[in-house]
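Just need the whole structure built from these sequences, with the hints factored in.
2 protein chains.
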Amino acid sequence: MTYLHDIPLDEAIAAWRQVLDAAGALRRLPSETLPVAEANGRVTAAPVWARISVPHYHAAAMDGFAVVAHDTVGATLTRPLHLGLGQQARYVDTGDPLPPGTDAVIPIEEAQRLGEGEGAVIEILAATTPWKNVRVMGEDIVATELVVPANHRLRPQDLGAIAGSGHTHVQVYRRPRIAILPTGTELVAPGADLKPGDIIEFNCIVLGAMAEEWGARVNRLPILADDYQTIKRAVLAAIEDHDLVVINAGSSSGSEDFTAPIIAELGEVVVHGLAIRPGHPAVLGCARGRPVVGIPGYPVSAMVTFDLLVRPLLQQWMGQEAEARPRVEAVLTRKILSPIGQDEYVRVTLGRVGDRIVATPLSRGAGVIMSMVRADGMAYIPRFSEGLNAGDTVTVDLLRAPGVIDRTIVHLGSHDLTLDLLADQLRRERPDRALSSGNVGSLSGLLALRRGEAHLAGSHLLDEETGEYNLSYIRRYLPGMPVVVLGFVGRTQGLIVPRGNPRQLGGLADLTRPDVVFVNRQRGAGTRVLLDYHLQRMGIDAAAIQGYDRVEFTHMAVAAAVQSHAADCGLGILAAARALDLDFIPLFEEQYQLIIPRVYYESDLLAPLLDIVRSPSFRSAVSALGGYDVAHMGEILHEVGG
Amino acid sequence: MTYLHDIPLDEAIAAWRQVLDAAGALRRLPSETLPVAEANGRVTAAPVWARISVPHYHAAAMDGFAVVAHDTVGATLTRPLHLGLGQQARYVDTGDPLPPGTDAVIPIEEAQRLGEGEGAVIEILAATTPWKNVRVMGEDIVATELVVPANHRLRPQDLGAIAGSGHTHVQVYRRPRIAILPTGTELVAPGADLKPGDIIEFNCIVLGAMAEEWGARVNRLPILADDYQTIKRAVLAAIEDHDLVVINAGSSSGSEDFTAPIIAELGEVVVHGLAIRPGHPAVLGCARGRPVVGIPGYPVSAMVTFDLLVRPLLQQWMGQEAEARPRVEAVLTRKILSPIGQDEYVRVTLGRVGDRIVATPLSRGAGVIMSMVRADGMAYIPRFSEGLNAGDTVTVDLLRAPGVIDRTIVHLGSHDLTLDLLADQLRRERPDRALSSGNVGSLSGLLALRRGEAHLAGSHLLDEETGEYNLSYIRRYLPGMPVVVLGFVGRTQGLIVPRGNPRQLGGLADLTRPDVVFVNRQRGAGTRVLLDYHLQRMGIDAAAIQGYDRVEFTHMAVAAAVQSHAADCGLGILAAARALDLDFIPLFEEQYQLIIPRVYYESDLLAPLLDIVRSPSFRSAVSALGGYDVAHMGEILHEVGG
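Keeping their order, the protein sequence lines are chains G and L.
Residues in the first sequence are numbered consecutively from 0, following numbering that gives the first Met the number 0.
Residues in the second sequence are numbered consecutively from 0, following numbering that gives the first Met the number 0.
Note that these hints are calculated values from the structure, not bench results.
Backbone N, C-alpha and C fix where the C-beta goes; we use that ideal spot for every residue, glycine too.
Some hints here could point you the wrong way.
What the hints assert, rightly or not - Just so you have them, the derived chain L footprint on chain G, three or more residues with Cβ under 8 Å:
hint: 1; stretch: 50 to 63
hint: 2; stretch: 129 to 142
hint: 3; stretch: 161 to 172
hint: 4; stretch: 249 to 263
hint: 5; stretch: 363 to 376
hint: 6; stretch: 401 to 414
hint: 7; stretch: 556 to 562
Stated by the list, open to error - No more than 20 Å apart at the CA atoms, straight line, and that leaves these computed lysine to any residue pairs for SDA-like:
hint: 8; chain 1: G; residue 1: 131; chain 2: L; residue 2: 564
hint: 9; chain 1: G; residue 1: 194; chain 2: G; residue 2: 223
hint: 10; chain 1: G; residue 1: 131; chain 2: G; residue 2: 109
hint: 11; chain 1: L; residue 1: 131; chain 2: G; residue 2: 549
hint: 12; chain 1: L; residue 1: 131; chain 2: G; residue 2: 545
Here it is as structure tokens:
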């Protein structure tokens with residue numbers, strides 16, 4: 000067993016680079032010669048000097064008549080001048096070479112042709128000057144001048160200038176060759192039949208796609224079982240004909256984590272363990288003159304470490320500077336605690352709400368690939384910091400185009416499956432809009448509206464006294480803020496139970512049975528409010544319910560807990576039960592509404608979303624899910640405040 | 000002959016879209032199904048819903064022992080608890096499924112194994128809670144949830160989530176198919192022997208590379224001569240199996256401009272002529288249900304119109320929103336006049352000088368591809384404006400990564416060939432620096448320093464009274480600014496003449512001969528100062544010199560004018576004559592120095608450049624050019640002011 004010693008990222012990279020440098024593994028890649036048309040995106044390995052001038056002759060810049068400027072002296076409106084066609088004035092098309100001796104072109108619109116045959120002339124009403132309407136030789140490129148330097152990533156216009164200045168080929172670095180070895184007895188390829196313990200291998204797809212975007216040629220090797228000799232042989236073979244070998248995973252210090260010992264046997268482990276989160280169990284090594292890295296198995300750790308360790312190598316090899324991602328400053332909507340001593344990368348969603356950009360942290364689990372899918376950016380929390388408070392400003396490296404933020408509709412509030420449907424339909428009909436949904440529960444959604452962190456909040460908060468939804472909460476938590484309450488869906492809450500209802504549950508009264516384990520929702524969730532309301536009405540002691548303290552944040556997570564037998568039941572909506580093929584005991588009807596500050600309700604940003612909410616096609620798509628009442632969908636139920 | 004009616008861009012596009020829409024040519028493309036690993040960068044044609052949960056079972060999140068949390072109640076430091084190995088506690092590796100009934104994992108570090116065989120136990124010193132160190136089923140993705148919506152451009156992490164949620168394939172739009180037809184009797188392929196009038200065809204390389212970057216599959220057809228029937232047949236054939244046909248060029252209204260008439264015969268010309276600069280002679284048409292565009296032949300016009308017309312079509316076909324380029328606000332260093340009624344796109348170089356970004360306009364010629372190579376961005380001057388003054392703020396769409404601007408060393412001043420060499424060597428040794436060189440002449444360079452628009456200025460201004468270089472000019476034009484005068488090169492100025500010196504020129508006295516045509520440099524250029532100084536000394540009347548009023552902005556441009564027989568001679572440096580294989584009559588020795596404000600001289604930004612100036616390798620590379628004296632290269636000659 001090897002041990003991890005987490006060391007700070009910059010120290011780790013410096014130590015590794017020193018070893019790689021000594022081994023000659025930081026040298027620029029060899030070059031290859033490509034036809035110009037095939038070189039877009041590649042990096043020049045040598046400067047390109049112009050072989051010829053462009054244009055390489057004096058060219059007419061207009062359709063017209065080539066003349067000697069001196070011959071036109073004296074021509075005016077009142078004293079037109081005639082020039083003999085074919086002698087003093089010769090017709091040229093744009094791009095034609097000037098006939099020898101001529102030095103200007105009179106545009107066809109400025110000359111009138113008179114006469115025919117030998118005696119034909121053109122009449123002009125103004126003199127011209129030498130080199131007027133002429134592209135002189137070398138106007139664009141002068142032979143011998145620098146067209147592009149070495150270490151320049153070629154763009155379309157560069158290809159044009161290189162071809163135009165007389166080259167058919169260009170010398171570029173050959174692509175870095177990267178081998179990615181997926182290791183793990185538990186791994187199966189996509190499409191395999193799954194049994195518990197099997198993990199679909201997708202890290203190599205992700206890492207390979209990243210490296211290809213950075214210009215590499217990637218060789219994804221077949222999955223290897225956790226066998227020391229097998230993996231060692233594969234690494235040895237890969238070192239032969241690749242510039243970099245990536246082992247994924249086995250990079251930690253468990254009994255089947257062979258990455259570090261194998262690298263140590265074949266060469267040197269420079270670093271084992273980075274003081275970063277996610278991603279700490281990485282291995283930085285060098286064997287047979289090549290870098291060999293162990294990348295952690297959790298997908299987010301894998302992406303983060305691959306980006307931090309591998310991208311700079313590829314850039315080094317092709318003479319490129321590490322390119323910082325575009326950044327924005329954003330206001331954090333929730334507190335983030337972060338351990339001292341660890342550089343942390345927190346995935347966040349972003350949206351422009353009012354005049355500021357707000358960042359909402361996503362799941363920080365290293366295994367949650369969906370957090371990378373949903374993230375708009377990564378907030379960096381340095382190792383000297385214990386974290387950040389809500390309202391703090393944080394610098395976010397963007398994972399999407401900056402413009403996307405301004406077009407993102409931010410929803411924070413209760414989760415309902417129909418929001419996924421809404422997000423998809425919005426994206427499909429209006430590519431210029433995105434819906435970012437943070438599932439924080441109804442009450443937190445209202446509080447987010449108050450703090451100006453969201454454009455709308457889905458909410459189903461029952462007022463226990465009036466039996467109305469949301470209104471009293473809006474009055475209490477959003478005083479003075481003009482808001483529109485929009486009808487969305489009526490839905491049935493009930494107990495989600497396994498197929499066949501094995502515990503034979505009938506209602507909330509059964510929750511206190513000793514053989515029943517419940518799964519709850521978090522405080523502030525409308526479903527939790529509903530549960531507590533009915534428990535109180537029925538005089539049931541929450542403390543007597545097993546599992547009352549285990550909370551999930553979405554209906555689907557509750558249903559998943561039931562499906563996996565982590566709990567016997569949970570309170571949730573019919574659609575969640577249906578989605579996972581579970582049974583459902585209906586208990587209460589409730590209203591899920593959209594709470595929208597008037598300023599956003601009337602904005603261009605939200606208009607397409609409101610159109611979809613009111614469209615027959617969305618209404619029928621929601622109806623088709625089952626268990627939803629769409630009678631009030633899109634209807635203005637209340638206008639409050641203002 | 001057809002006529003161009005320039006109409007504003009937005010009106011033109013609206014009219015074109017209307018016709019295309021009616022023809023069904025704006026519909027989304029058909030979809031195709033790809034293995035997930037091959038879909039990076041492609042756009043989803045349908046939403047992807049999770050088929051399975053991730054994880055699809057309860058998984059150990061640590062290496063350790065799976066237990067029933069309830070069994071651990073009561074364990075403390077002082078009252079350790081023993082759990083029977085294999086019964087109450089079972090060893091699991093990270094990722095293993097929890098054995099049925101267990102609900103928590105005690106990490107291996109927190110348990111001590113005691114005893115062997117049947118009686119073995121683990122000793123723990125703390126209780127655990129249900130689901131501690133467990134990745135519960137669906138923690139990452141819950142089956143049926145939305146993974147990515149339709150019209151989403153797939154990124155590496157999306158591929159991971161799609162594969163992880165049970166998919167082997169993904170449905171994406173097929174690539175748009177674009178045919179590009181180069182037309183023009185004057186066109187030759189790269190590598191052909193050139194005669195006057197031949198133009199190397201490189202627009203199709205440029206446009207093709209642009210379209211490929213936007214996701215298209217591009218078919219570059221062979222060059223077609225200007226023959227109506229030939230082109231028509233090729234367009235007809237291309238329409239059959241492409242989504243878009245691009246004809247380049249023949250889009251103007253000359254006698255051999257067949258693009259518009261051919262589109263008119265096959266379908267409809269919606270717009271002929273855009274009120275934009277560069278790029279106005281474009282043709283927007285539709286034939287047989289497909290868009291057909293005529294793109295102008297000048298390379299900058301071609302790039303600009305292709306970007307404005309074709310990119311939005313591709314985005315439309317794949318449900319993508321037009322993505323604005325990153326933008327910066329910059330201060331203009333020179334006045335730009337722009338005609339009312341024309342939207343103008345001006346190429347600029349950018350650099351951060353002090354606390355602001357400065358934009359220096361480049362050549363506005365539609366044919367100058369090097370202006371696209373050199374440009375850091377495009378400034379947009381709307382058609383309602385007559386232009387902008389120096390010092391005005393202008394919005395610039397970036398053509399490079401935003402970070403590059405901060406690493407760009409801005410040189411404005413006199414041109415010398417060794418600056419190209421310096422730019423290349425800098426780029427090669429320090430990929431994190433770029434040298435942007437604006438050839439404005441010595442005096443304008445000093446004035447640019449005064450206005451804070453450049454980091455350094457190359458200058459060779461002779462003080463006619465003292466015979467010294469630059470010093471008196473610095474005192475006059477940069478009062479109070481601490482600057483360092485750095486020795487760079489000594490060089491010989493002389494007359495550049497054709498091989499064999501056919502006019503038998505011997506010195507400046509010959510310039511007034513009636514058979515001699517001179518080519519001059521612009522006012523403020525050091526070479527011009529030198530010329531005027533010696534003309535005055537020798538009592539030669541400038542007005543008597545033919546060509547004195549024709550100015551070029553660089554030594555190479557002067558040499559090119561001589562090479563092309565546009566002039567018989569010009570004053571310039573030996574290196575320029577050598578580069579174009581011309582003869583040279585040496586006349587004067589002069590000092591070309593680098594004038595650097597102290598604040599930049601001491602900056603991190605310039606440090607690598609100064610290192611190179613002082614390196615033996617650069618010194619010998621300059622010596623190898625011939626005609627340069629490098630004795631004072633890198634030496635601090637004067638420290639002025641401050």
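Right, here's what the structure says about each hint:
By the rule of at least three residues with a Cβ nearer than 8 Å to a Cβ of chain L, the coverage given for the stretch 50 to 63 of chain G holds, with 10 such residues. Proximity of the stretch 129 to 142 of chain G to chain L, defined as three or more residues with a beta carbon under 8 Å from a beta carbon of that chain, is established by the 11 residues found. Counting residues of the stretch 161 to 172 of chain G whose CB falls under 8 Å from any CB of chain L gives 5; the rule of at least 3 is met. By the rule of at least three residues with a Cβ nearer than 8 Å to a Cβ of chain L, the coverage given for the stretch 249 to 263 of chain G holds, with 4 such residues.
Judged by the Cβ-Cβ criterion of 8 Å, the stretch 363 to 376 of chain G is covered by chain L as claimed, because 7 of its residues qualify and three suffice. With a cut-off of 8 Å between beta carbons, the stretch 401 to 414 of chain G has 3 residues touching chain L; three or more are needed, and the interface restraint holds. Note: the stretch 556 to 562 of chain G has 5 residues with beta-carbon separation from chain L under 8 Å; the three-residue rule is met and the coverage holds. Proposed proximity of residue 131 (chain G) and residue 564 (chain L) is supported: the alpha carbons are some 16 Å apart, at most 20 Å.
At roughly 18 Å between alpha-carbon atoms, residue 194 (chain G) and residue 223 (chain G) fall within 20 Å of each other, so this suggested pair holds. Of the pairs offered as hints, the one joining residue 131 (chain G) and residue 109 (chain G) holds, with about 13 Å between alpha carbons and a cut-off of 20 Å not exceeded. For the suggested pair residue 131 (chain L) and residue 549 (chain G), the alpha carbons sit about 11 Å apart, so the restraint of at most 20 Å is met. About 17 Å separates the Cα atoms of residue 131 (chain L) and residue 545 (chain G), which keeps this hinted pair within 20 Å; it holds.
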